[in-house]
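*Asks:* Each chain, letter by letter, is given below.
Number of protein chains: 2
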Amino acid sequence: MSITKKGSFPEWYQSVIFDAKLIDNASVKGCYIIRPQAVAIWNNIKNELNKRIEEMGVEEYIFPLLIPQSFLEREKDHIEGFAPEVAVVTHAGGSSLKEPLVIRPTSETIIHSLFSKWINSWRDLPLKVNQWANVVRWEKRPRAFLRSTEFWWQEGHTAHATEEEARNEVLQSIMMYEDVIQNRLAIPTIRGKKPDHERFAGAEETHTLEGCMGDGKALQMATSHLLGVGFCEQFSIHYRTKENILMRPSLTSWGATTRLLGALIMVHGDDKGIVVPPAISPVTCVSILLKGEDDLVEIEMKNKIALWNKKTEKNFLLDTSYEHSIGERIYHWEKRGIPFQFLFGKKEMDNGIITIKIRDNGEKITTTEENIVEILEKLCDEQQKRLYQRALNHQKSFLYATDSFNDIMKMEDEKFFIISWCGCKEIIKKIKEPGWTIRCFIDENKHKEMISDIINMPCAGCKEKIGKATLVARAY
Amino acid sequence: MSITKKGSFPEWYQSVIFDAKLIDNASVKGCYIIRPQAVAIWNNIKNELNKRIEEMGVEEYIFPLLIPQSFLEREKDHIEGFAPEVAVVTHAGGSSLKEPLVIRPTSETIIHSLFSKWINSWRDLPLKVNQWANVVRWEKRPRAFLRSTEFWWQEGHTAHATEEEARNEVLQSIMMYEDVIQNRLAIPTIRGKKPDHERFAGAEETHTLEGCMGDGKALQMATSHLLGVGFCEQFSIHYRTKENILMRPSLTSWGATTRLLGALIMVHGDDKGIVVPPAISPVTCVSILLKGEDDLVEIEMKNKIALWNKKTEKNFLLDTSYEHSIGERIYHWEKRGIPFQFLFGKKEMDNGIITIKIRDNGEKITTTEENIVEILEKLCDEQQKRLYQRALNHQKSFLYATDSFNDIMKMEDEKFFIISWCGCKEIIKKIKEPGWTIRCFIDENKHKEMISDIINMPCAGCKEKIGKATLVARAY
Chain A
2 MSITKKGSFP EWYQSVIFDA KLIDNASVKG CYIIRPQAVA IWNNIKNELN
52 KRIEEMGVEE YIFPLLIPQS FLEREKDHIE GFAPEVAVVT HAGGSSLKEP
102 LVIRPTSETI IHSLFSKWIN SWRDLPLKVN QWANVVRWEK RPRAFLRSTE
152 FWWQEGHTAH ATEEEARNEV LQSIMMYEDV IQNRLAIPTI RGKKPDHERF
202 AGAEETHTLE GCMGDGKALQ MATSHLLGVG FCEQFSIHYR TKENILMRPS
252 LTSWGATTRL LGALIMVHGD DKGIVVPPAI SPVTCVSILL KGEDDLVEIE
302 MKNKIALWNK KTEKNFLLDT SYEHSIGERI YHWEKRGIPF QFLFGKKEMD
352 NGIITIKIRD NGEKITTTEE NIVEILEKLC DEQQKRLYQR ALNHQKSFLY
402 ATDSFNDIMK MEDEKFFIIS WCGCKEIIKK IKEPGWTIRC FIDENKHKEM
452 ISDIINMPCA GCKEKIGKAT LVARAY
Chain B
2 MSITKKGSFP EWYQSVIFDA KLIDNASVKG CYIIRPQAVA IWNNIKNELN
52 KRIEEMGVEE YIFPLLIPQS FLEREKDHIE GFAPEVAVVT HAGGSSLKEP
102 LVIRPTSETI IHSLFSKWIN SWRDLPLKVN QWANVVRWEK RPRAFLRSTE
152 FWWQEGHTAH ATEEEARNEV LQSIMMYEDV IQNRLAIPTI RGKKPDHERF
202 AGAEETHTLE GCMGDGKALQ MATSHLLGVG FCEQFSIHYR TKENILMRPS
252 LTSWGATTRL LGALIMVHGD DKGIVVPPAI SPVTCVSILL KGEDDLVEIE
302 MKNKIALWNK KTEKNFLLDT SYEHSIGERI YHWEKRGIPF QFLFGKKEMD
352 NGIITIKIRD NGEKITTTEE NIVEILEKLC DEQQKRLYQR ALNHQKSFLY
402 ATDSFNDIMK MEDEKFFIIS WCGCKEIIKK IKEPGWTIRC FIDENKHKEM
452 ISDIINMPCA GCKEKIGKAT LVARAY
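Chains as they are written, first to last, in this note's numbering: chain A, 2 to 477; chain B, 2 to 477.
So here's chain A without its partners, still in its complex pose:
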């Protein structure tokens, strides 16, 4: 690959996702086909999220794809946020529809209309639902995985008796995402709250996790919204307390999408292709068998792999595509990001020796076959940690605390600016011109060290009020 990650990041990203056969273009602009290696990684991410969502006491539902247009219009902010993005069905079954139907851009309105039916008494609360679904938002500037017209996600929706409980759910969700993204995807994130103008349409608070991509641009990795009681009026959601008083429950919603696949590629990928952290790789280790003199070596190897697959929770795969050169075969699996390769021939088999090639640092180590399961366990752990640490160092190299707003205006390179900001509107417009956006008010408890230089400083915009630690970056 002559295009390098450092040299031309956008071209590198495009070439990696097509070369590693993660994706293909669909015939409708902004839509894509997700191919097996990417689907398998996504399924692993889904499983990791789903386990934790179930532990939060959330139940899985399937809600419909189509929403009457009038539903979207019930919530003023919501329709303003989504109207320009929706795809509308006007004809069906051979005739035109009385009321147009919208393909869900998100399911708040459909789910709230059901909450109104399902919630009557305090006994019905909390009500916690989740669905895995495709949604459609018409993208003007689509980009594979990151901003596609159709995308796949999980959307959680909950209703609680008190705002305190709802706030707790919002935090629990964002921390659940943080756990999966940091500990499985090996991507460090910065947690914070979106400023008013960047909030989800209709939400009181939007919590976000911001990741630092390979080029220093920010990516919103997952969000969790406190909707409060705002949607309750439009959808008549009420419950009776133990004392028989009619109250509005406090609502939340939270989601993570196939965009995480894009983040994974942009953060860990290198000039050879993608790099998949062992914790979420569909295949842990591929054994590349050299063509031997007899078939016995292949049979023996198959047995070994069956044994390893049984003994461990890892996934071992055998490559016997002898028709390709050994170099082609090594590159094939490297491109697809498989964490480890075993190189194997009759000689190695006879001597009980394995050469392990490690994806992320390219190192080769030779070991005896005896303790291979334990060794691989350790190597997985090390690669997982190394990927996280490298991504964290990368993120840190972009952090730039400043008390001057002019620094941002002057800067041409990508940066993760940490500034003090009170929320004054002036600054939003000014930084928009050179392409900067306010990512979030940084969580001050979680990121003490990161914000230490600017905490309690006057706002870099108005220079009057004391500002809050704020992350400013260019973003996807």
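Honestly, I wouldn't trust all of these hints.
Pairs involving identical chains hold if they fit within one copy or between any two copies, as the list cannot separate such chains.
To be verified - 16 angstroms max Cα-Cα, derived EDC-like pairs, lysine to aspartate or glutamate: (1) LYS47 - GLU61; (2) LYS311 - ASP296; (3) LYS348 - GLU244; (4) LYS218 - GLU383; (5) LYS347 - GLU378; (6) LYS22 - ASP125; (7) LYS118 - ASP25; (8) LYS22 - GLU60; (9) LYS30 - GLU100; (10) LYS129 - GLU60; (11) LYS397 - ASP296; (12) LYS433 - GLU413; (13) LYS22 - GLU61.
Keep in mind the hints are simulated off the structure, nothing from the lab.
Assemble chain B onto chain A, guided by the hints.
*Replies:* What follows is chain B alone, placed relative to chain A:
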């Protein structure tokens, strides 16, 4: 429940699916919300199918929801089959589209357009893809699970170098469905081929599994289609053989849908609610704890359940909803079809005794706690077999072999007629009036006994040619 399965089947079905909270109505006609217990069963069915699909060497893809209308029009039979059923997006992103987009009613056209790109040489074959997706077909007479406007399914699509290989894939797929439906869902099926007028739009052959529902009506449980080379012309799908000759590959497609949930309910359900076979029940056994004098019993019980869940692959659940009466609690779980209930109090705990209530036959047995894991294993096996046998007896009671076409015209009750038919068109029209449909030409090898009375008999329609064993029934 005063509505009985025997007395008024359609009302019974409606009341069961709503009472057991499997489903709710959506705001768009013909669309439904699938609720947690039904989603959990569907997820188990998915897992059972997916395991087998993977073993067939099929890879999972995600294909787009929206298809340009022109794609559907490329295949004449295909467009005729689906045009009256599609939902059409004419507006998106705030303006009208140049070319309308269709919400996929099935994905042949989109996948074949990709096959044309992905298949070049014999090395690219066989190509086997599968996706789990929602599809939309505008239903005039929707019915929950059985015939909903939006439904969820798995669709497999394959391309092979030879027709023989494709035929083999078609058979392997239908047998894979048979395995899951018979051995997991405990539903006996009749395997056969659809006659010309009932085939999938554009297919050369459609293989089907027909199930006998609680009321004696037939339900098409899964289908597998030999598409052959017909679609190749329209989508320019070709490959070069080893000898560099340009050939058309032979295509197949096969699918199973959320309709299987409807079948499960209609076959096994009773007047108390649904009955879920142990092999696919999300919960194997619910332990209903009676309110004791102290909390220790509850803690002890929780520990036991944690241990059982660890020791076995079954799923044990604890019900501590003391606020409801014991009768309500038992009924709650019966309605939802959980295979076993443990009834438990301090007395039982002290004596190490468990009373097990069995869902399908209502029997109660008392046993010591010691060998509970082994006992439950045996009880699961027995209940699974009993459900299958009962369904098989039920199916048999509807079978009715006849050499006279008049028998069908006279019959008012539901029947599974086995007749000899040569394919002559006369008969199709005639039986349509009283509501009968030709389900399939029965697989003569598989169902030797079933067809023994009419094999090699003259066609019951034209009385001239020798007919094939044919299943005729009223159907969903």
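*Asks:* Enumerate the violated hints, using their earlier numbering and listing them in ascending order.
*Replies:* Result: hints 2, 3, 4, 5 and 11 break, sorted rising.
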